[in-house]
Amino acid sequence: MGFDLKKEAKFLSTRMDDKTAASVGLANMMVLGATLAHDGDHFYQAFRWKYKIPLQLLAINLAVYVMPAISTFLTKNKRASATWLVMAEGIITSAAFLKVHLWKPTTDVWGAWNYNYFKLNKGVMHEGQWLQGINWIDWALLFILPVMSTPAFILANKNRKELEAQAAEEE
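The opening position of the sequence shown corresponds to residue 1 in the numbering used here, with each subsequent residue numbered one higher.
Each statement offered as a hint is correct.
In silico lysine to any residue, SDA-like type, Cα no more than 25 angstroms apart, as pairs:
| no. | residue 1 | residue 2 |
| --- | --- | --- |
| 1 | 19 | 73 |
| 2 | 119 | 132 |
| 3 | 19 | 29 |
| 4 | 104 | 56 |
| 5 | 104 | 141 |
| 6 | 122 | 39 |
| 7 | 50 | 124 |
| 8 | 161 | 21 |
| 9 | 76 | 164 |
| 10 | 161 | 81 |
| 11 | 10 | 22 |
| 12 | 99 | 46 |
| 13 | 104 | 62 |
| 14 | 122 | 43 |
| 15 | 99 | 84 |
| 16 | 52 | 138 |
| 17 | 76 | 17 |
| 18 | 50 | 138 |
| 19 | 52 | 110 |
| 20 | 50 | 122 |
| 21 | 6 | 157 |
| 22 | 99 | 55 |
| 23 | 52 | 122 |
| 24 | 122 | 136 |
| 25 | 52 | 139 |
| 26 | 99 | 37 |
| 27 | 122 | 98 |
| 28 | 19 | 165 |
| 29 | 119 | 54 |
| 30 | 10 | 76 |
| 31 | 52 | 36 |
| 32 | 158 | 73 |
| 33 | 119 | 98 |
| 34 | 99 | 133 |
| 35 | 119 | 144 |
| 36 | 76 | 29 |
| 37 | 6 | 169 |
Simulated from the structure, these hints should not be mistaken for lab results.
Sequences are here, hints too, so could you generate the full structure?
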């Protein structure tokens with residue numbers, strides 16, 4: 001039983017019924033909501049630190065919303081491909097956020113968040129400004145993403161498997 005590209009391409013354009021689309025939409029909103037909560041916390045951190053978030057950082061940060069936007073579009077159009085994208089967005093976004101905040105970002109474009117949460121908790125001098133303090137809310141809103149992405153992944157994957165089974169029955 002190998003990978004059949006034609007079969008997969010056909011599956012990806014399969015239309016979901018209303019119930020499945022609602023379920024995939026819920027999974028997408030779980031990831032998107034957790035992402036928004038985490039990013040909102042960065043505004044809270046910046047407020048506490050009296051740090052002005054540079055506009056270019058805000059623009060770069062919008063990239064994290066590309067997959068949820070596409071997932072929303074695909075879900076609204078009831079495309080089965082939304083299941084794969086919702087599964088991917090939760091994993092990729094969670095992994096990226098955890099890497100940046102627990103270790104170190106790959107690039108130095110994240111302003112005050114070029115430092116991990118452990119260093120920020122101790123305090124760092126960033127561009128002549130002292131930044132210090134990571135509280136329990138910051139930690140909770142970092143880990144809310146993988147906590148919400150896991151059931152979202154499971155839900156999207158369940159829907160994907162059901163759609164694939166339906167497609168196989170129709171053949």
